[in-house]
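Please model the complete structure; the sequences and the hints are all you need to start from.
Residue numbers (the working numbering), protein chains in the order written: chain A, 406 to 821; chain B, 406 to 821.
If you're looking for bench data, these hints aren't it; they were derived computationally from the structure. Every clue listed holds true.
Where chains are identical, the list cannot tell them apart; a pair therefore holds if satisfied intra-copy or between any two copies.
Each computed EDC-like pair below joins lysine to aspartate or glutamate, with the alpha-carbon atoms no more than 16 angstroms apart: (1) K585 with E663; (2) K772 with D796; (3) K518 with E594; (4) K649 with E610.
Quick caveat, the model's predicted, so the values are computed rather than measured.
2 protein chains.
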Amino acid sequence: MNAEIVSIGDELLIGQVVNTNQAYIAERLNSVGVNVVRMSTVGDRVGDIVAIFEEAWKRAQLTIVTGGLGPTHDDVTRAAVCEFFRTDLILDEEALGHIHKRFETRGLPVTPKNRDQAMVPRGCRVIQNIEGTAPGYFFEREDRCMAVVPGVPYEMKGMMERFIVPFFAERGTGIVIRHKTLRTTGIAESILADRLGDVSDLFGERPGITLAYLPSPLGVRLRITARSRSASEAEESIAVVERKIREKAEKYIYGENEEELEEVVGRMLAERGLTIAVAESCTGGILSDRLTDVPGSSRYFERGFITYSNESKTAELGVPPGLLAEHGAVSKEVAQAMAKGAREQARTDIGLSTTGIAGPTGGTSEKPVGLVWIGYSDRSQTLALRFNFVDDRRRIKERTSQAALELVRRVVLKIG
Amino acid sequence: MNAEIVSIGDELLIGQVVNTNQAYIAERLNSVGVNVVRMSTVGDRVGDIVAIFEEAWKRAQLTIVTGGLGPTHDDVTRAAVCEFFRTDLILDEEALGHIHKRFETRGLPVTPKNRDQAMVPRGCRVIQNIEGTAPGYFFEREDRCMAVVPGVPYEMKGMMERFIVPFFAERGTGIVIRHKTLRTTGIAESILADRLGDVSDLFGERPGITLAYLPSPLGVRLRITARSRSASEAEESIAVVERKIREKAEKYIYGENEEELEEVVGRMLAERGLTIAVAESCTGGILSDRLTDVPGSSRYFERGFITYSNESKTAELGVPPGLLAEHGAVSKEVAQAMAKGAREQARTDIGLSTTGIAGPTGGTSEKPVGLVWIGYSDRSQTLALRFNFVDDRRRIKERTSQAALELVRRVVLKIG
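Structure representation (structure tokens):
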């Protein structure tokens with residue numbers, strides 16, 4: 406079954422908002438065998454919306470529409486839906502009850518704008534909104550469907566998870582699509598491609614397989630896709646290709662699918678009963694932020710120090726002022742002293758540190774913007790690695806946090 | 406002048422990658438008076454790509470294409486471009502020289518895959534790639550143009566800034582589009598809409614003005630747009646509407662356009678010569694990360710403490726163990742002691758703290774997931790505010806960091 410996703414909103418067309426809904430919806434539809442073949446975005450004008458409804462309805466069996474269902478004057482999707490299906494509005498009592506309940510529990514009055522949201526196109530199945538006030542609509546006409554959901558991400562997600570995904574999972578589509586992604590870091594895309602060699606060698610005689618390289622500042626992801634009539638066949642194809650890739654690039658692969666490096670490192674620490682403390686200079690908190698994004702991270706993340714000034718490096722981590730004066734804050738010696746200091750002060754098994762020049766100013770010819778030292782310390786060793794990231798301030802912070810987490814992974818797993 | 410943006414890549418259609426390029430391109434085109442009327446995404450198949458080229462070419466004077474120009478087998482955009490323009494490939498010496506230079510400075514060999522990227526469609530103007538290896542292509546045929554650029558964001562951005570934006574800025578389009586966004590936080594969308602009232606009262610008799618509400622977890626942005634024949638007229642319209650909005654909602658407006666709250670707070674602190682230290686529990690580093698995202702933040706951000714464990718709250722911030730035992734870590738008393746402790750330990754003017762239950766576990770009926778206390782301390786006062794965020798772990802961290810920054814803004818500016 407093929408689907409198209411249509412997003413509506415001038416804020417998208419002028420580039421004020423990044424569309425994260427399309428990726429979410431696509432991923433969820435894919436998981437139940439629905440193939441997304443096109444995504445489109447149009448503005449808040451009834452004529453443009455009706456035009457794209459007509460195109461999408463012709464091309465794909467399912468059209469998912471998001472956005473423009475809010476309570477303000479710039480929300481015109483409902484009017485376009487009525488025009489497209491040649492219908493009018495009727496009151497949905499359940500939606501109205503839901504809106505009343507929502508506002509009353511918060512002690513807020515129900516405004517006429519809110520009440521109007523319970524008016525829905527006649528002839529649709531109403532998708533109730535648990536996370537907000539605007540209900541969604543579902544239309545089924547012969548072999549075609551259209552689902553209309555709000556653009557607010559968590560409201561859209563609620564409707565996807567409670568209604569749309571289960572609906573198509575139950576109905577079935579005949580084709581099984583399976584993806585698996587291997588996540589690498591610390592190796593450039595073209596070097597990885599040369600290492601893996603020709604894709605036909607990786608795939609052998611198996612049909613319906615594709616391999617995609619997805620580079621990002623934090624590493625290259627390798628996505629293996631198999632399309633098949635049966636789940637077992639698709640999964641076996643993926644397993645064969647995965648094995649061949651791992652033979653050639655194992656040490657760079659830190660995780661699978663949606664797994665972030667902080668989850669991999671966190672699980673590794675938790676399994677081994679190890680604790681960690683972090684001392685951040687150039688990363689300014691992102692390293693701790695990533696580590697604590699993982700539920701249950703309090704088992705291994707003990708504390709963090711964001712020692713931006715030289716004084717704080719001395720006061721919190723015991724870095725000798727003489728060391729700072731001799732080598733400068735961005736140096737191998739200071740990175741090591743920070744990692745060791747964090748570990749000793751917090752009495753953890755591991756200390757991890759970052760010090761570098763995030764820019765845009767502060768660089769010199771000897772120590773340019775992007776120069777970073779990452780320190781690691783445990784009971785048996787203290788070391789530091791040098792990196793040179795050519796990028797902007799935010800990206801340098803992100804890349805440094807990734808390299809620091811990868812350093813922990815490689816040291817703990819003893820990967821050379 | 407109207408434009409369409411076409412993104413190419415299976416990774417987008419399966420939802421593995423969020424498309425940030427479309428928003429960037431749209432914003433930049435808008436700034437030079439080019440109106441984006443539609444954005445589309447299709448997969449890595451020549452037939453699908455040629456089909457959307459034909460549609461876009463009919464509808465809009467400019468088509469911007471991104472993605473699928475890389476060195477690996479799944480990059481087929483170049484072939485589709487050749488088919489659409491009925492042309493073949495020729496070697497571009499400048500691109501080849503650039504590829505050689507790029508690899509040689511890094512001490513890497515030039516692979517045949519890389520060399521092949523210097524083959525470009527005959528009859529296009531080549532857009533050189535300073536950030537990577539794949540050149541872009543620019544076609545102009547009568548009153549229609551097409552620009553084809555890589556999907557890697559920083560390579561695409563380099564080509565936009567050096568070639569595409571200047572090209573259309575010079576050519577001119579006759580219509581001036583101006584946007585201004587007012588950023589609010591701490592007020593719900595529907596309550597803000599009621600406060601602002603009917604848009605026709607805000608706009609008066611002025612034509613070509615629109616107002617959009619853009620809600621996000623960090624606040625609601627209000628975007629005013631004016632389309633006009635002259636820049637001065639468009640700017641005046643925006644100024645009039647802005648004044649009316651400010652009269653009705655001034656205290657919630659912390660910034661304008663792309664300005665983040667951390668920049669506003671940072672500038673406020675720098676202007677007043679104030680320094681800040683941060684003690685984070687539930688936010689785990691995101692608050693410090695945001696503060697240090699601002700270039701030059703070392704002038705006011707002295708240090709941060711991520712005191713995840715109770716022991717660290719006592720050891721680093723001097724929070725009395727008895728206070729923790731009596732009230733619990735998530736309490737008004739501990740939030741205040743953390744803020745005061747951070748300020749005193751770092752000897753800064755301001756101390757800011759967060760303590761709460763980010764979830765998904767750890768909540769109780771008395772202290773549910775999402776309960777957060779934010780503490781603030783300066784020489785003359787120490788206070789704490791209670792929040793209840795109904796959201797997931799990441800979102801609770803983000804919302805808390807926003808509320809903490811807003812608390813500093815309101816206290817320093819004495820906003821009631």
